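Colleague: Can you join these two chains into the complex? Each is in its own frame, and there are hints to help.
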Amino acid sequence: MSDPSVITVQRWNPVSLTATGAVLALLVVLAFGPYFLGANLTDRVTTLFVYVILAAMWNALAGYGGQVSIGQQAFFGLGAYAAIRLSHAGVEVYAALVIAPLLVGILSLPLSAFALRLRGGEFAIGMWVIAELAHLLVNLDGLIQGETGTSLIAISAFDPDTRRAFNYWLALAVMTLLVGLVFVLLRSRMGASIQAIRDNEEAAASVGVRVLATKRVIFVLAAIGCAAAGSLTLATLISFQPRTYFSVQWTAYMIFMTLVGGLGTFEGPIIGAVIFFAVETIFGASGVWYLVGLGASALLFSLFLPRGIWGTLTDRFGIQLMPVGYRLRFPAGAGQEKASS
Amino acid sequence: MNWADQILQGVLLGAYYALIACGLSFLFGVMRIINLAHGSIAVLAAYLVLSATERWGISPFVALLLVLPVMAAAGWLLQRTVFERSLRSGPLTPILSTFGLAVVIDNLLFQKFGADSQSLAPNIGDFAFNSWTIFGGVRIGQLSLLTLVVAVALLGGLQLFLTHTPLGRSIRATAEDADTAELVGIDARKVYAAATAIALVTVAIAGAFLAMRATVSPYTGSSQLLFAFEAVVIGGAGSLWGTLIGGIVLGVAQNIGSQINPQGFLIGGHLVFLAVLGARLLIVSRA
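Residue numbers (the working numbering), protein chains in the order written: chain L, 1 to 341; chain U, 342 to 628.
So that you can see chain U by itself, here it is in the shape it has in the complex (with noise of 0.2 Å):
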């Protein structure tokens, strides 16, 4: 056993973790939307790039580029259909209708591709486990180091757009308060629409790493996101960057605690992210 690399290990799952977590975080930091259908969302889009890596024959990379401008379309309709009349009702409608939509999703990609698991790393040949040795033993896989490089462009790519852009001017300001935004001319349907359309691209990518680095059945979507909400919250909600940290803590949790029990891999995971939900709370409550 080799902590070191265990920890390294842990850093780079949670890269991963950040991916996924990324387009749940910014919707939680535009809209105030806990989107329940998004680990389901990345499944739907892990399963879109598996199919056309099949059918068409083209890498997986390929058929990513393919899938985004599609899932993009998915977020615009998903804003129109669902969350904008969610969130006129009431602050429980949210999590009710996502709920809803999460287990249709599910259940239509089982009744399409059954129960088995399904992995896009045959088709990325070697580089699915090919990695270097850095010291003592420590090794870094090439398609893990790829998933931090991403993740790590796609949180800091978002927060430039974020800064330096009128529509990322106009995403924050409406986050800030819709109201006034619109009393400034910005259109808060067009800007949430955006929103989700980014939001969902980036849960497309991450599909993809998932089932590159993984394999995927229609029922892994609750799985995934309840990792991601462990990444955002233990980052704090809202942050991009915190989201990063979040998602390493969560897969270096996640290591140590497989180190310590054979099941304890999830137990670790889920006991960090109460132990910082809980700290957080008292902190609140002595302020």
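Chain L extracted, bound-state conformation (with noise of 0.2 Å):
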């Protein structure tokens, strides 16, 4: 028998033990895809991935780094507009668009430096105005041909079948390693420091926290993420309009599933991502009407609900599925279990 009083710390639990091999398993179907969804259904999916990602990317960075961003769509349109430009340089189709997100990457390192000093509504507006920026550049290169645009013609060399579940392929393991990766930075020693600075940058800093390096990770991981996302997107759509990828819509749809799942919680975003998708296939088609209820939705949440859907049930039941945090387990009698995230 173990003693009575002590407290024990613990990661797993049989709940996130389950819920963690369901999603490996669900993974493993998934991978499947092509081979049983159908033409149609791939090509949604596809899109339902890359919406996880654009989701857990503006989460990590608002979420976890409490930097709001309103520009992502400057990495979104950068990461197409650079497979564009590695594969009509001759890089093969598909290592150009593994590539054209690292590139990315490397660009918004400088970035960071820059915009990563400044604060709340000063980044989000910063950043929209460097995504501005970012297109009317764009639309300067003489292969974009401005807002006319250009297409990835070399991906018309794969007949449409094969595209289709490449692209499928690949956005699954785009999604799964950068989902991932947010995984594994929550549990590791970051993790600790990223979640003391979204509770408190002032305090985090005040013991020892090395804020700016952190939020610097963060930074680069979103705008690899966004940039991976507008890559994917790309192969799915092949055209590029500079006006497309650049739009801010990207952004506001993803606040909307952050918002709506749960802002600086792991699964939120995720929740968020299928309830948009489920939203975008059902009131797509009535326009106007499905993006007012869009903005009223990101504007009630953030008013109302601002733990969004997953964080509301996480705060209230207590439950976590993934294992991203530690919990304090007491003896029996001595009170409830506490997560603690």
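I should point out that these hints are in silico values taken from the structure, not numbers from a laboratory. If you're wondering where the values come from, they're calculated on a predicted model, not measured in any experiment. Where is the CB? At the ideal position from N, CA and C, for every residue including glycine. One should not assume that every hint holds.
Facing chain L, from chain U, some residues (calculated, C-beta under 7 Å) [stated by the list, open to error]:
| no. | residue |
| --- | --- |
| 1 | R426 |
| 2 | L428 |
| 3 | L433 |
| 4 | V445 |
| 5 | S599 |
| 6 | P603 |
| 7 | L607 |
Modeller: Structure follows, in structure tokens:
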């Protein structure tokens, strides 16, 4: 028998073990998607993967880094643009789609030195200005032909079915990698720093957390992730019109997904992406009213349910599916299990 | 090409930017809120002036006078429904809630008025394009000059209001420290509501001038927000006269940019904004 006075710290519990197992099993099933989903559904699920990437990246930046950016479309557009440029320079098209986000990641490093010194609303709109500038500069490139745009011609070498399956697998792999990276990051020593910064930046700095270095890692990760989403979108749409890719709409989607799912929770943005995907599938055709609804949801969630659907559920029931935090387990009779994330 | 003319036109354009930035700067100074729906609200006001002008066949200036109290009431409502709750829930919430509001306003405008751009220019006749030649081919437009006069009057008037009236003093005290202001009997809630009402009145004036000097369409709000924000930051956040300088610097940079490259108008403005911001950060980190 164990000593009843001992409080143990645990990371795994039966719920999180089951949930993690279920997620892994789901990923294995999804890996065979193109064989059973059919053409149309394969494309749609690829889009869902892109949404999960966008939501997870925006949440990493805002929910954990405490930096609300209205300019993530900068990286989304640059990711697609870099892929076009690489492919034009003779790089094999799928290699170009993979290398492009990494190039954008390198570009985001010097940018972070500037952007991360901005706070709150200044960072938010400052990033928006940077996105506008990136859009205007890409328009100056003769290859793009201004707003007329161009296409990722090289990808037409693959027949539609092969292309569809490749895009699906690439999106699934990139999503798993990026969301997995956030998971590993949150469980690492840096995860504790990240969450300390989220809760109180000054206090975190005072106990020796390297605030700027930690934020930079998240900023670059979010840049790479949004760029990957951009290059994956290019792979499915093929055409590149700067106005579409550098549209602030993408950031509006990210904000909607994260706020509805749960800002600052690991599972929330993924749930938000699934909700957004469902809402878009059902109401997307209704055009303007659908967009009014998205904006109104963001407004109402930020005011009345700031922790989103998932955050509210975890706060109320103390459940946590993915083990990104630690829990204190009190001995029987000493009270309830308490989650600490 | 005439540099003197380009710079003068830049200054006059800058006066419009100061006008649109006025409300953003004022609200930031008082409540530390950056209202991301600012540009969309300006466009909304422009559409209200347009509708009143067309429906009743009145002068746009009379229509603006009718719209001003409506916008003041909207400001009061905005503070009570959105800002108040946002301010209580931490620094990120106002950014998210006002961005959501901007998306709502833009798309409702699109739903009501469609994608076509509209202008008040036909309603003000010759005034829209009449100009005086002052020297060596340098022109000064009558509407542009009025914009400059209104911008200076508005910024100066706000400054005087803040220093010389009881409400102005309450606003400054609340901006300094809301809790302490409440200790000496100031109702911070009322002060914030009044400040937001004033800000939206200035936004309505800016929106009307936007529709007179150019065209508006439902999605022009975001670019107006960016111009306003750039003017505020270049001039130094929270300072009203700084906002005038910031607007002028932005306007001149855009006009010079357009002389260098056909697409250089916006690029020039953005680059000057980023350069000023970078220089300021450098100075802050040295100090």
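Colleague: Regarding the hint that V445(U) lies at the interface with chain L, is the smallest CB-CB distance below 7 Å?
Modeller: 4 Å, holds
Colleague: Is the interface hint satisfied for S599(U)? The criterion is a beta-carbon contact with chain L at less than 7 Å.
Modeller: 12 Å, violated
Colleague: Answer holds if the nearest beta-carbon of chain L is closer than 7 Å to that of L433(U); otherwise answer violated.
Modeller: 5 Å, holds
Colleague: Using the nearest Cβ pair, does L607(U) come within less than 7 Å of chain L?
Modeller: 6 Å, holds
Colleague: Does L428(U) meet its interface restraint, that is, does its C-beta lie within less than 7 Å of any C-beta in chain L?
Modeller: 11 Å, violated
Colleague: Could you check if P603(U) really has its C-beta closer than 7 Å to a C-beta on chain L?
Modeller: 10 Å, violated
Colleague: Against chain L, run the beta carbon of R426(U) and see if the smallest gap drops under 7 Å.
Modeller: 5 Å, holds
Going through the hint list in order, the structure does not satisfy hints 2, 5, 6.
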